[in-house]
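Colleague: I would like the entire structure built from these sequences, with the hints used as guidance.
Listed below, chain by chain, are the residues.
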Amino acid sequence: MSITLQGFRRTSVKRSERTTIEETRTDRIFLIGVRIMLWIALILVAVPLIYIVANSFSSPSAVSAGRVLLWPIEPSLRAYKEAFSDPLIMKGYLNSFIYAIGGTLISVTLTIAIAYPLSRRTFFGRNVIMSVLIFTMLFSGGLIPTYLVVQDLGMLNTRWAMVIPSAIGVWQVIIARTFFRSTIPDELYEAATIDGASDLRFLWSIVLPLSKPVIAVIALMYAIFQWNSYFDALIYLKDPGLYPLQIVLRNVLILNTLTGSTTTTSLAQQLEQQQLANVLKYALIVISSLPVLIIYPFVARHFTKGVMVGAVKG
Amino acid sequence: MSATFEVKPAPAAPASPAAVTARKPPRTSRRTQAWRSLRRHWQLYLLVVVPLAYFVIFKYVPIANAVIAFKNYSPIKGPWGSDWVGFRNFELFFQNPVFWTLVKNTFLLSVYTVLASFPIPIILAIALNEIRNGRFKKLVQLVTYAPYFISTVVVVSMTILVLSPRLGFVNDAIGLFGVPSVDFLGNPDYFRHIYVWSDVWQTTGYSAVIYLAALSGIDPALHESARIDGASRLQRIRNVDLPGIMPTVVIILVLGVGNIMSIGFEKAFLLQNPLNTAQSEIIATYVYKTGLLNADFSMATAIGLFNSVINLFLLLGVNFAAKRITGNGLWS
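Residue numbers (the working numbering), protein chains in the order written: chain A, 1 to 314; chain B, 1 to 332.
None of these hints come from the bench; they were simulated from the model. Note that the structure is a prediction, hence the values are computed from the model and not measured. Think of the CB as a built atom: it goes at the ideal place given N, C-alpha and C, for glycine as much as any other residue. Just to be clear, a hint being listed does not mean it is correct.
Some, not all, of what chain B presents toward chain A, calculated at C-beta under 7 Å [to be verified]:
(1) His41
(2) Thr144
(3) Ala231
(4) Arg233
Modeller: Put into structure tokens, the structure is as follows:
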């Protein structure tokens, strides 16, 4: 499974050569078929996304009548106004940011702290430690035994429960270790020691600046994971003030718990509340996915590279 | 900062030839080697302390805590002080009529997921690889990759909204053909299809990336010579591309099979409702309900442990098979 960067370069050469050679007729028909297939794939993935966005920008009555398909009908921002004025949703948003940023800082620091020594050949016992890590990928104590540990540490219903129990991913350690091992030559370390640099000094002033791409990749992996996760919050948190956005979303979108006050009595008002609740769901989906989808096109390339680095066995 | 370093004379002088030769002594025991490494690189060992403590506390202590599967757990006495009951929890679980339903649901859901989400990314990757047009290709990749970054909660919500009997466009679409509207999530028979196909929707673009990388690693000389021999595109896919990505395909398939009983809790739990539990109740969701909602810690741990042990053996078996087939294990 060795995937090299050279492979990418070679294909680009191949492509420029291809342009000079005529395609045969069957090949041209085949290519049209391929294009049609890709269009279908594109539409199948894009339509649900567009449908959600179009609904979120439509008027509550149009949404409730199911009239919206791929373009907003009676465009309105009611749902967004409602969402941004809901204290529970905003609190969830803030909490999610806290967990994503705090969690990523902790995770990246700890991951580098273990991945770097494991990448050094002079580090005695690195194979034993690696086996200790990999074993946790294969076997786990399970939900309740882990819950008991978190409980014993007094982390239940605190912000720590969101960032500590899932702090280090073995996969990320492997990615970082492989990167360090393949990009930091031993000679560099030897040269630095001659200049009197200690191991920590070398890590801080030479390895880390050289490893920005891989640090960015694992940081984004952790951040997106934190932003999207809801399971830890579901089992460890009781206080709604600590809930991350995903839990708030689940309550509103899947359990259908309305957040707004429903003390209104008149039928017309109730109907309006119901219609607003419908369109609010679409707006919430857009709002919650936006941070991730905005950064995604910029990081997709690095993300792919990171996955590839991890795939190359060191 | 670095200036101060240069002014100081290097304390240990590894540059001197004597030190260089001393670094590889003719024969030293492992213990002295370890001791020397520890003294020289104590900072590295210091770095590892906290992350290792994390793995011990959050991964290995729970494994030790799993002993409560063989006990009647009492919160006051703690995991180690509780009374032993041997295999009673396991026996009770195996005798429980729900046992076979859980195993069957978990197994079928996983097998279906692997079967459906395994070939489609390969087809997508090969199709993308055939296309030369940079912009169209990039657009398809960007769009199909995007759902991977959306959270499970959002994907499940979207699924529910799109399939909703009153509002969703799927029911509108089948309504055009005169089919009465269907409550997809209220019918247990649809649960697996919804689970699997929403999964395919979310992960196909991401999985295709792995195959695309494998495809770009194929030596272009093979393609060139096949062209010169008059091979059509389809023939080249069959005889150059497919054999080229075979090792990747085998590893992905083997991983999928190895994880068959460890299908995740998150999505099944979110898609679950009282109407579809007949097919949506899997081991992971049952453990959650038994343990945290009914507070039967010992039973939940026993079920989880049963599942973990099966997973371990599946993975080990599958790794063994992979070694035999490809000559290369998944790890080591």
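Colleague: Now tell me if each hint is right for this structure.
Modeller: Hints versus structure:
1. His41: Interface hint status for His41 of chain B: holds (6 Å vs cutoff 7 Å).
2. Thr144: Given a least distance of 5 Å, the restraint on Thr144 of chain B holds.
3. Ala231: violated (10 Å)
4. Arg233: holds (5 Å)
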